[in-house]
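Kindly generate the complete structure, drawing on both the sequences and the hints.
Chains as they are written, first to last, in the numbering used here: chain C, 1 to 219; chain Y, 220 to 514.
Hints are computed from structural coordinates only; laboratory data are not their basis.
Covered stretches of chain C (chain Y as the covering partner; in silico rule of three or more C-beta atoms under 8 Å from a C-beta of chain Y): (1) 21–34; (2) 40–54; (3) 62–68.
From a predicted model like this one, the values you see are computed outputs, not experimental measurements.
Every residue, glycine too, gets a C-beta built ideally from N, C-alpha and C.
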Amino acid sequence: MTDTREITLTVNGTEHTIDVEPRQLLVHAIREELDLTGTHIGCDTGNCGACTVLKDGKPIKSCLMFATQADGSELMTVEGMEDLPEAGDDLHPLQEGFREEHGLQCGYCTPGMIMSGKALLDENPDPNEEEIREAISGNLCRCTGYQNIVRSIEYAAEELEEGEIAAADGGVVTDADGSTITPAELTDEDGEFDCGVENCCGGPTTDREHDSVSGGERE
Amino acid sequence: MKPAQFETHEPNTVEEAVSLLESLDDRAILAGGQSMVPMLRFRLAVPETVIDINAIDGLDYLEEDDEWLRIGALARHADVEESDLVAEQYGSFADTAPLVADPQIRNRGTVAGAIAQADPKGDWGSVLLAHEGEIVAQGPDGERVIPAADFFLLPYDTTLDENELITEIRVPTPAPREGSAYHKLKRKVGDYAMAGSAARLVLDEDGRIETATIGLTAVDITNVRATDAEDHLEGERPGSEVFKRAGELAAEQSNPESDEHGDAGYKERMVNVLTQRALGDAAERAGLVKRRVSQ
Numbered sequence: 001m002t003d004t005r006e007i008t009l010t011v012n013g014t015e016h017t018i019d020v021e022p023r024q025l026l027v028h029a030i031r032e033e034l035d036l037t038g039t040h041i042g043c044d045t046g047n048c049g050a051c052t053v054l055k056d057g058k059p060i061k062s063c064l065m066f067a068t069q070a071d072g073s074e075l076m077t078v079e080g081m082e083d084l085p086e087a088g089d090d091l092h093p094l095q096e097g098f099r100e101e102h103g104l105q106c107g108y109c110t111p112g113m114i115m116s117g118k119a120l121l122d123e124n125p126d127p128n129e130e131e132i133r134e135a136i137s138g139n140l141c142r143c144t145g146y147q148n149i150v151r152s153i154e155y156a157a158e159e160l161e162e163g164e165i166a167a168a169d170g171g172v173v174t175d176a177d178g179s180t181i182t183p184a185e186l187t188d189e190d191g192e193f194d195c196g197v198e199n200c201c202g203g204p205t206t207d208r209e210h211d212s213v214s215g216g217e218r219e
Numbered sequence: 220m221k222p223a224q225f226e227t228h229e230p231n232t233v234e235e236a237v238s239l240l241e242s243l244d245d246r247a248i249l250a251g252g253q254s255m256v257p258m259l260r261f262r263l264a265v266p267e268t269v270i271d272i273n274a275i276d277g278l279d280y281l282e283e284d285d286e287w288l289r290i291g292a293l294a295r296h297a298d299v300e301e302s303d304l305v306a307e308q309y310g311s312f313a314d315t316a317p318l319v320a321d322p323q324i325r326n327r328g329t330v331a332g333a334i335a336q337a338d339p340k341g342d343w344g345s346v347l348l349a350h351e352g353e354i355v356a357q358g359p360d361g362e363r364v365i366p367a368a369d370f371f372l373l374p375y376d377t378t379l380d381e382n383e384l385i386t387e388i389r390v391p392t393p394a395p396r397e398g399s400a401y402h403k404l405k406r407k408v409g410d411y412a413m414a415g416s417a418a419r420l421v422l423d424e425d426g427r428i429e430t431a432t433i434g435l436t437a438v439d440i441t442n443v444r445a446t447d448a449e450d451h452l453e454g455e456r457p458g459s460e461v462f463k464r465a466g467e468l469a470a471e472q473s474n475p476e477s478d479e480h481g482d483a484g485y486k487e488r489m490v491n492v493l494t495q496r497a498l499g500d501a502a503e504r505a506g507l508v509k510r511r512v513s514q
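See below:
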C-alpha cells in the first residue's frame with residue numbers, strides 16, 4: 001500500500017484536509033483532490049506558468065512543488081478571484097479586464113496569467129508596462145502575443161484604483177463619467193447578454209446549434 | 220508525468236538532515252526544488268528518499284556582518300532580488316537575481332541549491348567565483364568551508380561530500396572602491412545563460428585596478444574564472460581600451476560548445492562583449508560605492 005500523508009491547505013479561504021502521496025505534485029492535489037480545475041497543467045516542465053497559484057500571497061508554479069510542501073499554507077487559485085471583495089457581484093476586475101481587452105484566445109494560460117497579475121497588483125497597484133511584462137514573464141501564451149494581456153492587467157489596475165476612490169466616496173463603483181455601473185447594464189431589455197462590442201459573439205450561451213462540432217455537416 | 224514513489228523526510232535541524240544523509244543510501248536533498256522537481260518528474264533522478272530541508276528553521280537568512288554577506292541555504296532568489304542591502308552594495312548580485320528564470324521560480328528556488336546543482340549555465344556560480352566566495356557545508360564531522368574556486372568539478376558535480384549539506388553561501392563584504400556587475404545573454408526569459416560574465420573590480424587610492432576577478436557562465440564545463448583577463452587588468456587604469464583587451468582575453472580563455480542557439484565563435488564573441496559591459500559597470504560602481512562605517 002502506498003504511503004500517504006494528511007495535509008491541511010487553506011484554499012481560497014476554505015480549509016481542506018486531504019491525504020496525499022509524497023510524490024503528488026501540488027497542482028495534482030489542487031485539481032484532483034480538491035476538484036479545482038481552473039489551475040491548468042501546460043508544459044510539464046515548469047516553463048509555461050499555466051499552473052501558477054498564490055502560496056501565502058506569492059506566485060509559484062504548482063507543478064514544481066509537492067503537495068506536502070504546501071501543508072499549512074494559504075493558497076489562492078483562479079476560482080477564488082470572484083469571491084474577493086473587489087469583485088462585487090460580478091467578475092474580479094482582472095477577470096473583467098481579460099474579457100474587455102481580449103486578453104485571451106484559447107484561454108489555457110489565462111488562469112496563470114490572472115494569478116501572476118493578481119500578485120503584481122497586490123504589490124504594485126500602479127505598474128507600468130515593463131513591470132507588467134516582467135510579472136507575467138513566467139507565463140507563456142501561444143495565442144495573443146501578450147499585448148492584450150498587458151492591456152487587460154492595465155485595465156484591472158485602473159478599475160481597482162477607481163474602485164478604491166469610489167469606496168472612499170461611499171462604496172459605489174462609478175464609471176469615468178460618474179454614472180453607476182451595474183451588472184444589469186450588460187444585458188439588454190430581453191435579458192440577452194450584450195458585451196457592447198460590435199458583432200458580439202452572443203455571449204457565453206447561445207441558442208444556435210453547433211453543427212460543426214458533431215462533424216461533417218458543414219456546408 | 221509523476222515522479223516515481225519515494226519516501227520523504229523533513230528534518231527540523233541541520234544536524235538531523237546530516238544524520239539522515241549519513242544513514243540513508245539512496246537519497247536526494249530537496250530545497251527550492253525548481254530543478255529537482257522536474258528531474259524527479261522526468262525520472263532523471265529516482266531516489267528512494269527525498270530529504271526536504273525546507274522545515275529547517277533559521278536557514279532562510281540574507282545578512283551582512285563585518286566580514287561577509289551571508290546567504291542561508293534556504294534564501295530564495297527573490298530574497299536577493301528584494302534586498303536593499305544587495306541593491307546598495309553588491310552590484311553583481313543585484314544584476315543576477317532578476318535574470319534567474321522567472322518570478323515564480325525565483326520565489327521558490329534557492330541560491331545555495333543553484334550552486335549545489337553546479338550547472339555550468341547557472342549564473343550564481345560565476346558571481347560567486349568573481350567575489351571569491353565560499354560554500355559553508357555541514358557534515359558528520361562538523362563544518363567545512365570550501366572556496367568557490369575549489370568547488371566546481373564537472374557539470375552537476377562538485378567537491379561537496381555526499382554526506383554534507385550546504386548551509387551557507389558567503390562572499391566577503393566589499394572593500395572601499397569595489398564594484399561588481401553581471402551581464403548575461405539568454406535566448407528568452409526563463410532560459411539559462413547562453414553566455415554570462417560577472418566582473419568585480421577593486422580600485423586603489425589612485426584609481427588603478429588593484430584586484431580584478433571575472434567569472435564566466437555557460438562557456439566551459441563549469442563556471443570558470445577568466446584569469447588571463449584578470450591578470451591583464453591588474454595595475455591598469457579602468458577604461459574602454461583595457462576592458463576591450465580583457466574581453467578578448469576572456470573570450471580566448473573560454474571554451475564554449477556550439478549548439479542550436481549559436482556556434483562556439485558566436486559565444487566567444489558574446490563573452491568578449493558581456494565581459495566588457497560587466498567591467499564597465501563594475502568600474503562605475505567601484506567609483507560610487509562607499510562602505511558604511513562599521514559601528
